[in-house]
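Each residue of the sequence shown is one higher than the one before, starting from 1 at the first, in the numbering used here.
Derived from the structure by calculation, the hints contain no laboratory data.
Every residue, glycine too, gets a C-beta built ideally from N, C-alpha and C.
Treat the hints with care, as some may be off.
In the DMTMM-like style, the derived pairs of lysine to aspartate or glutamate whose C-alpha atoms are separated by at most 25 Å in a straight line are [stated by the list, open to error]: (1) K7 x E28; (2) K87 x E75; (3) K87 x E28; (4) K6 x E75; (5) K6 x E28; (6) K87 x E22; (7) K7 x D23; (8) K7 x E75; (9) K7 x E22; (10) K7 x E108; (11) K68 x D88; (12) K6 x E108; (13) K6 x E72; (14) K87 x E108; (15) K7 x E70; (16) K6 x E22; (17) K6 x E70; (18) K87 x E72; (19) K68 x E42; (20) K6 x D20; (21) K7 x E98; (22) K6 x D23; (23) K6 x E98; (24) K7 x E72; (25) K7 x D20; (26) K68 x E28.
Now the in silico label distances, taken between C-beta atoms and shown as ranges [said to hold, decoys possible]: (27) R12 x P105: 14 to 20 Å; (28) K6 x V85: 21 to 27 Å; (29) E28 x N73: 16 to 22 Å.
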Amino acid sequence: MTVRPKKVSASRSRRLLLIDWEDGHHSEYPLAGLRAACPCAECRGGHEGMGKAGSPDMLEIPLAPAAKAELENMEGVGNYALQLVWKDGHTTGIYTWEYLRGLCPCGEDHQAT
Numbered sequence: 001m002t003v004r005p006k007k008v009s010a011s012r013s014r015r016l017l018l019i020d021w022e023d024g025h026h027s028e029y030p031l032a033g034l035r036a037a038c039p040c041a042e043c044r045g046g047h048e049g050m051g052k053a054g055s056p057d058m059l060e061i062p063l064a065p066a067a068k069a070e071l072e073n074m075e076g077v078g079n080y081a082l083q084l085v086w087k088d089g090h091t092t093g094i095y096t097w098e099y100l101r102g103l104c105p106c107g108e109d110h111q112a113t
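Just need the whole structure built from these sequences, with the hints factored in.
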């Protein structure tokens, strides 16, 4: 069962996406890491790269030269995901709650949640 967020916010000054989860866990994601770990087909190298579980290691992927990690907007997608809109014009990444939970850089294993 996927854990859902209670609150999602962005701190542009700290360059972080902040999520408070239903189970009490708190996650802080660096925006540059989220941009680099974008789950869309273009960023994952085609459709075969999509749908893979997220891991904190993905937050360490260097950004492509044209990519900018400046968050312009974020919108909920149904009750299962978050769409991040980047100032470089990239808008196709849909970050599911499960994917984001797997990316959590806190060091805990969230794959079983």
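(Q) Output the indices of the hints that this structure fails to meet, ascending. (A) Violated hints (numbers, rising): 6, 14; every other hint is consistent with the structure.
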